[in-house]
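Number of protein chains: 2
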Amino acid sequence: MMKIFVPAANCQIKEDACAYIDQLTKPPGSLGRLEQFAAELAGMTGNLFPEVTPPGVLVFAADHGVVVEGVSAYPAEVTAQMVYNFARGGAAINVFSRRIGALLEIVDVGVAVPIDNERVIGKKVRRGTDNFAKTEAMTPAEAEQALHVGYEQAVSIIGQGARTLIAGEMGIGNTTAASALLATLTDEPLERIVGKGTGIAAERLVHKQEVIRQALALHRPDPAKPLEWLAKIGGLEIAAMAGAMLAAAERRIPILLDGFICTVAALVARQFAPNVADYMIAGHRSEEPGHGIALGLLGKEPLIDLRMRLGEGSGAAVAFPLLAAAAAMVSEMATFSSAGVSTAEAKGEKER
Amino acid sequence: MMKIFVPAANCQIKEDACAYIDQLTKPPGSLGRLEQFAAELAGMTGNLFPEVTPPGVLVFAADHGVVVEGVSAYPAEVTAQMVYNFARGGAAINVFSRRIGALLEIVDVGVAVPIDNERVIGKKVRRGTDNFAKTEAMTPAEAEQALHVGYEQAVSIIGQGARTLIAGEMGIGNTTAASALLATLTDEPLERIVGKGTGIAAERLVHKQEVIRQALALHRPDPAKPLEWLAKIGGLEIAAMAGAMLAAAERRIPILLDGFICTVAALVARQFAPNVADYMIAGHRSEEPGHGIALGLLGKEPLIDLRMRLGEGSGAAVAFPLLAAAAAMVSEMATFSSAGVSTAEAKGEKER
Numbered sequence: 000m001m002k003i004f005v006p007a008a009n010c011q012i013k014e015d016a017c018a019y020i021d022q023l024t025k026p027p028g029s030l031g032r033l034e035q036f037a038a039e040l041a042g043m044t045g046n047l048f049p050e051v052t053p054p055g056v057l058v059f060a061a062d063h064g065v066v067v068e069g070v071s072a073y074p075a076e077v078t079a080q081m082v083y084n085f086a087r088g089g090a091a092i093n094v095f096s097r098r099i100g101a102l103l104e105i106v107d108v109g110v111a112v113p114i115d116n117e118r119v120i121g122k123k124v125r126r127g128t129d130n131f132a133k134t135e136a137m138t139p140a141e142a143e144q145a146l147h148v149g150y151e152q153a154v155s156i157i158g159q160g161a162r163t164l165i166a167g168e169m170g171i172g173n174t175t176a177a178s179a180l181l182a183t184l185t186d187e188p189l190e191r192i193v194g195k196g197t198g199i200a201a202e203r204l205v206h207k208q209e210v211i212r213q214a215l216a217l218h219r220p221d222p223a224k225p226l227e228w229l230a231k232i233g234g235l236e237i238a239a240m241a242g243a244m245l246a247a248a249e250r251r252i253p254i255l256l257d258g259f260i261c262t263v264a265a266l267v268a269r270q271f272a273p274n275v276a277d278y279m280i281a282g283h284r285s286e287e288p289g290h291g292i293a294l295g296l297l298g299k300e301p302l303i304d305l306r307m308r309l310g311e312g313s314g315a316a317v318a319f320p321l322l323a324a325a326a327a328m329v330s331e332m333a334t335f336s337s338a339g340v341s342t343a344e345a346k347g348e349k350e351r
Numbered sequence: 000m001m002k003i004f005v006p007a008a009n010c011q012i013k014e015d016a017c018a019y020i021d022q023l024t025k026p027p028g029s030l031g032r033l034e035q036f037a038a039e040l041a042g043m044t045g046n047l048f049p050e051v052t053p054p055g056v057l058v059f060a061a062d063h064g065v066v067v068e069g070v071s072a073y074p075a076e077v078t079a080q081m082v083y084n085f086a087r088g089g090a091a092i093n094v095f096s097r098r099i100g101a102l103l104e105i106v107d108v109g110v111a112v113p114i115d116n117e118r119v120i121g122k123k124v125r126r127g128t129d130n131f132a133k134t135e136a137m138t139p140a141e142a143e144q145a146l147h148v149g150y151e152q153a154v155s156i157i158g159q160g161a162r163t164l165i166a167g168e169m170g171i172g173n174t175t176a177a178s179a180l181l182a183t184l185t186d187e188p189l190e191r192i193v194g195k196g197t198g199i200a201a202e203r204l205v206h207k208q209e210v211i212r213q214a215l216a217l218h219r220p221d222p223a224k225p226l227e228w229l230a231k232i233g234g235l236e237i238a239a240m241a242g243a244m245l246a247a248a249e250r251r252i253p254i255l256l257d258g259f260i261c262t263v264a265a266l267v268a269r270q271f272a273p274n275v276a277d278y279m280i281a282g283h284r285s286e287e288p289g290h291g292i293a294l295g296l297l298g299k300e301p302l303i304d305l306r307m308r309l310g311e312g313s314g315a316a317v318a319f320p321l322l323a324a325a326a327a328m329v330s331e332m333a334t335f336s337s338a339g340v341s342t343a344e345a346k347g348e349k350e351r
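First to last, the protein sequences are chains Z and V. If you count by numbering that gives the first Met the number 0, then the first sequence holds residues 0 to 351, one letter each, in order. If you count by numbering that gives the first Met the number 0, then the second sequence holds residues 0 to 351, one letter each, in order.
Chain Z extracted, bound-state conformation (with noise of 0.2 Å):
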């Protein structure tokens, strides 16, 4: 396994900029959880000043052998389609990327066909996994490849300027994998873990939680032993989204998570770094329910609630301007004492 050290957030500097921030021309507190989050970003950094412009966006796509339990409304297929489609920018990533400025890769780790695009960075390991509801998805080797990959895809993208990282995914059946390495973290029921948040119809949902109870009862999936674990139930990207992260907070650059998948690779990289989670901010809430018990795990709170539920990294990359926002705030914002402008009358008051 690969040696990776990723240092605690700094509370000195956080504090620091608890203080500073309550000098800016407002009546302190007023500017919300914006506040806390330019607070946790100097924390993340090591920067009063933090900068998180251009982000940068991987999204990992690969395959789930479960898809032929018929866990998923649509075919195995989409899983390439759509990377040909982000790689001719016309999916929703690359529309909110632009937006933002983002710095864009898309990386096959294991899509289940060849795919031949200049414009996809091949790092397949493998072409997808195996079934996990009969057999190990992969094996603890290829997990650690697959994690690796997802390292050094973020290491270069971060070399390349990215200063927030965002990790999207395109796997048709990973909202399967995602809920079954949820089971194994919390007591929580599948029940719970598996929604028809998404609009798959109920018999079906109730066959995905059947797939899952007895792919746990087959392999006994132990997080504390991460790349067993990872290898036991997949996916490839999701490893490769928790090695990303991983890189990331390793080099102290904050992580803007997405919705339920994504929640779930990071609950994965705390398996491997507790630290990790020092450096993640929550997108947004997915309506996958699952989303919320992953998001409770971490203790994060997200920024937006707009009931997305596309993955790809799409619903951080539409919260991404509001954490721009909190860092513009504290670099751009005049002092009361710079402005002039005289402070509350009274102590402990705080209206205008």
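Hints were generated in silico from the structure; no laboratory data involved. None of these values were measured; they are calculated from a predicted model. All residues carry an ideal CB built from backbone N, CA and C; glycine is no exception. None of the hints are false.
Far from chain V by the CB rule (all over 10 Å, computed), these chain Z residues:
1. ASN9
2. LYS133
3. ASP277
4. GLY295
Only some residues are given here: those of chain V computed to face chain Z with a beta carbon under 8 Å:
5. LEU30
6. PRO74
7. LEU321
With the hints as your guide, set chain V onto chain Z.
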């Protein structure tokens, strides 16, 4: 009273937009409220591919005579000091306006002291309102003049290219006037409208409620006669914001609402032309407790909830990128047929 004609939003184009959005390369409904906002923008603008950029931000500043009653923690001089801070570019609304590429104009519609700055548009109707706890805040003719200032400034900024209107404000004491206006539109008790959300000390909060209670008993203001209603309570900047919204709606320009004061101004505008609410999208939910009541009266659910309570238009400016993302989604995403992506296998299922 000036003649204003606000057409209803176009339901047919809104429906067409919903049908088109379902063809984009994503599971139907998976972009959640972004899809809903995109459809509403289509109905407002009459354009299936609405353009919301650049936004135009108008910040109206004015003083409130009621401040002598001791209803605010900040001295009245802060209104003028903040106007100069706006002119220098150091306030929150400057920072957030730059981030979203907004046209930004600062308008003195009634600051108590002379403002001499080339970056401030001088349209002073009078030097602040009178103290509405003792007498009418202004004459109906002055209220109409303030409304007209807002109307003309919106016409001007739309003429310069603004495709969304954000109306902001600065005026020490204006939560008191806004609370009084709102109290006449609802049966909710003053204790629920005038909160301590902004951090005011408990004793002063009770005093502020009492000042409003007595003023309402004195004036018995009637929202059905909107000019007299506005004249009795104020303020000049609230009237101007309402006028700006009327001009925007008349031109089918979407209005992105800020917090409590702005949403009360939206309710004022609706007293003049009910259809104006068709053109409004709520930007954020403020900490000020009356804001939830005002949003309820308008029937709007906000884009973000970050516990902000600053005003100036800051909440709307921070939320604007979400609206822009909704518009970009429609204009730029590929459809299933254009991208050659398979749709869901079974009718009624929407999951990836």
